[in-house]
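Colleague: Below, each chain spelled out in residue letters.
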Amino acid sequence: MRVKYFDHIASNPLLPEVLEAMMPYFKEQYGNPMSMYDLGMNAKGAIDTAREQVAKLINAKPSEIIFTSSGAESNNFALKGMALARQDNGKHLIISKAEHHSVMNTARSLEKQGFVVTYVPVDEYGMVDPETVKKSITKETTVISIIHASSEVGTIEPIKEIAAIAMEHKICFHTDAVATAGNIPVDVKDLGVDALSMSAHQFYGPKGAAAMYLKTGQRILPLIYGGIQEGGRRAGTENVPAIAGMGKAAELADAELPKRMAHVRQLRDRLTEGILKIEKVHATGHPEHRLPGLASFVVEYIEGEGMLLLLLAKGIYAASGSACTSKALKASPVLISMGVPVSMAHGSIVFSLGIGNTQEDIDLCVEEFPQIVNRLRAMSPFAKEGWGAMPAEGDSKEGA
Amino acid sequence: MRVKYFDHIASNPLLPEVLEAMMPYFKEQYGNPMSMYDLGMNAKGAIDTAREQVAKLINAKPSEIIFTSSGAESNNFALKGMALARQDNGKHLIISKAEHHSVMNTARSLEKQGFVVTYVPVDEYGMVDPETVKKSITKETTVISIIHASSEVGTIEPIKEIAAIAMEHKICFHTDAVATAGNIPVDVKDLGVDALSMSAHQFYGPKGAAAMYLKTGQRILPLIYGGIQEGGRRAGTENVPAIAGMGKAAELADAELPKRMAHVRQLRDRLTEGILKIEKVHATGHPEHRLPGLASFVVEYIEGEGMLLLLLAKGIYAASGSACTSKALKASPVLISMGVPVSMAHGSIVFSLGIGNTQEDIDLCVEEFPQIVNRLRAMSPFAKEGWGAMPAEGDSKEGA
Amino acid sequence: MYSAKLMDHFTNPRNVGEITDADGMGMEGNPTCGDTMKLFIKVKDDVITDAKFQTFGCGAAIAVSSMITEMAKGKTLTEALAITKESVADELDGLPPQKMHCSNLGADALRKAIEDYRSKHVQG
Amino acid sequence: MYSAKLMDHFTNPRNVGEITDADGMGMEGNPTCGDTMKLFIKVKDDVITDAKFQTFGCGAAIAVSSMITEMAKGKTLTEALAITKESVADELDGLPPQKMHCSNLGADALRKAIEDYRSKHVQG
Ligand SMILES: Cc1ncc(COP(=O)(O)O)c(C=O)c1O
Ligand SMILES: Cc1ncc(COP(=O)(O)O)c(C=O)c1O
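Protein chains in written order, with the working numbering: chain A, 1 to 400; chain B, 1 to 400; chain C, 1 to 124; chain D, 1 to 124.
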């Protein structure tokens, strides 16, 4: 059965051209990039090339790119590194309620170190209001970090406006662009950000390579101390093949972005239209300001995992923000912060499309999905009577 | 020209079997290990297998292995994570003067956060005296970290004795085993350590995969916060192919360790014998308690980089701890702390052998090296008159 | 993640539905995750002659519901009350640990259905 | 890292050695890194007729020594004094930045050799 992979937000397949760009560094070019002989200099050259390719994708200077091992590492590095480097100026941070765990939990760890964090809310579309950010600023605020686009509902935040407010107040601004960089245009100059996180496996590059953009002149403390790799800002022997692969993936994304976006947008709109024909199904996230490849819904009266399992039986790979399907057994905090009732958040289903998906894949999904919903609703005690029979809602700290 | 690679301590070539074990995770098995469908569970399975393989290599339990991206990350994680988790008990740490940058500079960063660090000296062989460690212990000491073997002079430290002292004082003990794990027997139970760092590219595995052993029950704070990967102790999408490769490399190392050690030891002894025939050349590090594949020397009156360049012209890849050859332009701190004069440290040369090296490679090196030394000495102002004509020595903070 | 037997009970659940003239009904829900099960029984001569369920929840919750209705049918009420979370999980060839306590509501729902029946048929 | 020209001057250095009856000798060293150069000159009618060197140091230091002795030969003392670190580096098709200030001692050693010659031949 053909795999219909609609979970690109979890991870992307690697492009064959990217793997090819990595292979020499698994084979002949095994030197340590710090070594002064050819084997080392060729490895170093691969990193330099990748740095240029990644910089070009986001309109940065190569010297502003620091390679890391994951989007989570970039987020930890940015938040802790910038906050700790500025702690003499103040210990107040601002993030949103729609952040990824790797920003959210880093902020929480800083709270334990005496920082104060304001978590700005999002509206029903998952959107942060720049005015609310502005009002949260105090004299102590040193860092603001707002996600570029949520990987759960796809809403693209007004980063440019928020970055302008931060700059006006001379506050360092970071955005988690893991879900956007390589998937929609990301221009650090235009956005006006001081730091930005991105991850290769989100744009058909390898797992194990990611980057942080840090604007020239911005101070940061390393997360990983040691040698002088990455200009002394991130120690450790470089993952040369993965970095080379990230560079190639960035180059390809840069060249093909409009084509890729048009492809997934068209498929997504077709999918959305089909799925919204089912009754008591609601689209989540912003209808326009959203990732072109991401379609997310809540389906009333049934639970996400059942949908995923029945979709899988048809070769369709999707995701859900329900508590039962998260390995942490928590319902999507983003859905909850958007005001979606916990009962409905259980019915979350997220399709994230990619360049390998076809119209036939989508049509199959649109054909099968209503039957899956009906089948599960036929078993649900709520389908006939509505949510009235629901037991009292808890705080969804644990899940099914 | 056949490459005679004698710089395995910088990085190892990848074994073809290891690359083969990685390939499925670059191709069909691209799922995120957190995903509940087959693509994800297969990736998760690869990580679980690797965890068992790595655990077996060092006689740990699989649940005691935390995958990271580099030896440097493991060292940062261990030192900061254990020290910060225990800071209510005290803020004193002990490390040696022979530590790798990634331990040394992490300790320095902790000093800036109010920790006090004792740097215990090493003797002329680069050896730490367990008694000195014992005497440095205060009521405030919470963590001791001593390198298992120096990558610069090859000396293997008395870890078992030091770990016993730490345990007696209920102090957490970490060892940086990046240069040893996979190259000599490393048994965490026998050594009695609480935490240990290791890195795949040091035993024919890929760059980008490393691990930290953390004994069951030992507390640690994450270095990278976020999702629940690695049991919530290290967030970020897992580098599945590299982790799978590390597992395979560990399995092979475990099976072939005695054979590999015998091979490199025999070659090293042959090389050492040949090189010590040159006059005014001194072996560095401990003559017996040393890495089997590592031969290190100082050659008087000449400088390391010249030797490396002329060796390279013969296809021989080696390393030097001289200031001029280090990208940080610092003479090896280990040599200096062993009492080697800066002038002589300039003449450092390090050969680190591997399973691909042959007797012919060694014989060629033994044949060529004296000529290279003679050629450089013929240009040296010191060769005839000795070091008397040397300008006053600085602190080697900068170099040539 | 799930055993083949569990997947079979999820994909082809037995005894789905309501019994409109049920002799007993039990409803059990896990308020933190929302898994909710309604279990209906028909009883004759102290023996469960029929059982049906309606469940909102993950694959495990649905399979547990299917399995427990199968297990309950034909049992006396006393026998049925001896069915535990563990015995249901065993019959399904095991449940993932995190599902054990969240989705395994069958035994509780069955107990409530039996209690409901008994409360209505005290002197029955 | 190094240009082909630099590598040529390192691998086949010109003018290695001492001039036992030198007219001038200059020694220059970088105390922090240890690079040390001894430069010998023969002078006739204010023109450098021969130059030789002995150098302890990295590849760049040796190539710089070789190059500057070549550059000096045939030049008048005044012309030779106009040789700078930068002009030596240029002649070698560039030096890596970190080598520029550490290993590029040639111009200083040459200046010292000329001063040495002049101090001995004040009225010469
Ligand atoms: C918005 C966002 N931030 C951060 C991350 C973490 O990045 P990584 O998977 O590279 O650890 C993800 C992961 O998908 C993400 O979607
Ligand atoms: C003793 C020692 N510790 C730590 C490291 C750092 O490990 P990595 O190269 O994986 O960053 C090295 C690197 O070779 C090492 O030799």
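What the hints contain is simulated information worked out from the structure, not anything from laboratory work.
In this text, a Cβ means the ideal position worked out from N, Cα and C, and glycines have one as well.
Take these hints with a grain of salt, some might be off.
Heads up, incomplete: computed chain B residues facing chain A, CB under 7 Å, no partners named [claimed, not checked]:
id, residue
1, L14
2, Y37
3, H101
4, S102
5, Y225
6, G227
7, N239
8, H289
The following label-pair restraints were derived from C-beta to C-beta distances [as the list claims (entries may be wrong)]:
id, chain 1, residue 1, chain 2, residue 2, range
9, B, N89, C, T78, 54 to 60 Å
10, D, P96, B, K280, 36 to 42 Å
11, A, E111, D, P96, 44 to 50 Å
12, B, D88, A, D48, 43 to 49 Å
13, A, G386, C, S119, 54 to 60 Å
14, B, K112, A, T132, 47 to 53 Å
15, A, A378, B, Q113, 55 to 61 Å
16, B, P62, A, H169, 44 to 50 Å
17, C, D21, A, A378, 47 to 53 Å
18, C, S119, B, R219, 50 to 56 Å
19, A, D187, B, E17, 40 to 46 Å
20, C, G74, A, E124, 46 to 52 Å
Colleague: Does each hint hold? Answer for all of them.
Modeller: Checked hints:
At its closest, the beta carbon of B:L14 sits 5 Å from a beta carbon of chain A; the interface hint therefore holds under the 7 Å criterion. Checking B:Y37 against chain A: minimum C-beta separation of about 5 Å stays under 7 Å; hint holds. For B:H101, the interface hint holds, the least distance from its beta-carbon to any beta-carbon of chain A being 4 Å, beneath 7 Å. Interface hint at B:S102: satisfied, since its Cβ lies 3 Å from the closest Cβ of chain A, which is below the 7 Å cut-off.
Interface hint at B:Y225: satisfied, since its Cβ lies 4 Å from the closest Cβ of chain A, which is below the 7 Å cut-off. Restraint check, B:G227 versus chain A: the minimum CB separation of about 5 Å is within 7 Å; hint holds. At about 3 Å, the closest approach between the beta carbon of B:N239 and any beta carbon in chain A falls short of 7 Å, and the interface hint on this residue holds. Hint status for B:H289: violated, given a least beta-carbon distance of 25 Å to chain A, over 7 Å.
For the pair B:N89 and C:T78, the supplied restraint of 54 to 60 Å holds, since their beta-carbon distance comes to about 57 Å. In this structure, D:P96 and B:K280 break the distance hint of 36 to 42 Å, their C-beta atoms being roughly 29 Å apart. In this structure the supplied range 44 to 50 Å holds for A:E111 paired with D:P96, their Cβ-Cβ distance being about 46 Å. Distance hint for B:D88 and A:D48: a CB-CB separation of about 45 Å, consistent with the stated range 43 to 49 Å.
The hinted window of 54 to 60 Å between A:G386 and C:S119 is violated, with their beta carbons roughly 27 Å apart. Our hint of 47 to 53 Å for B:K112 and A:T132 is violated, since their Cβ atoms are close to 35 Å apart. Taking the beta carbon of each, A:A378 and B:Q113 are about 60 Å apart, inside 55 to 61 Å as hinted. With their beta carbons about 49 Å apart, B:P62 and A:H169 fall inside the hinted range of 44 to 50 Å.
Separated by about 20 Å at the C-beta atoms, C:D21 and A:A378 break the suggested range of 47 to 53 Å. For C:S119 and B:R219, the Cβ-Cβ distance of about 51 Å falls inside the hinted range of 50 to 56 Å, so the restraint holds. In this structure the hint that A:D187 and B:E17 lie 40 to 46 Å apart at CB holds, the actual value being about 44 Å. Look at C:G74 against A:E124: about 51 Å separates their beta carbons, and that is inside 46 to 52 Å.
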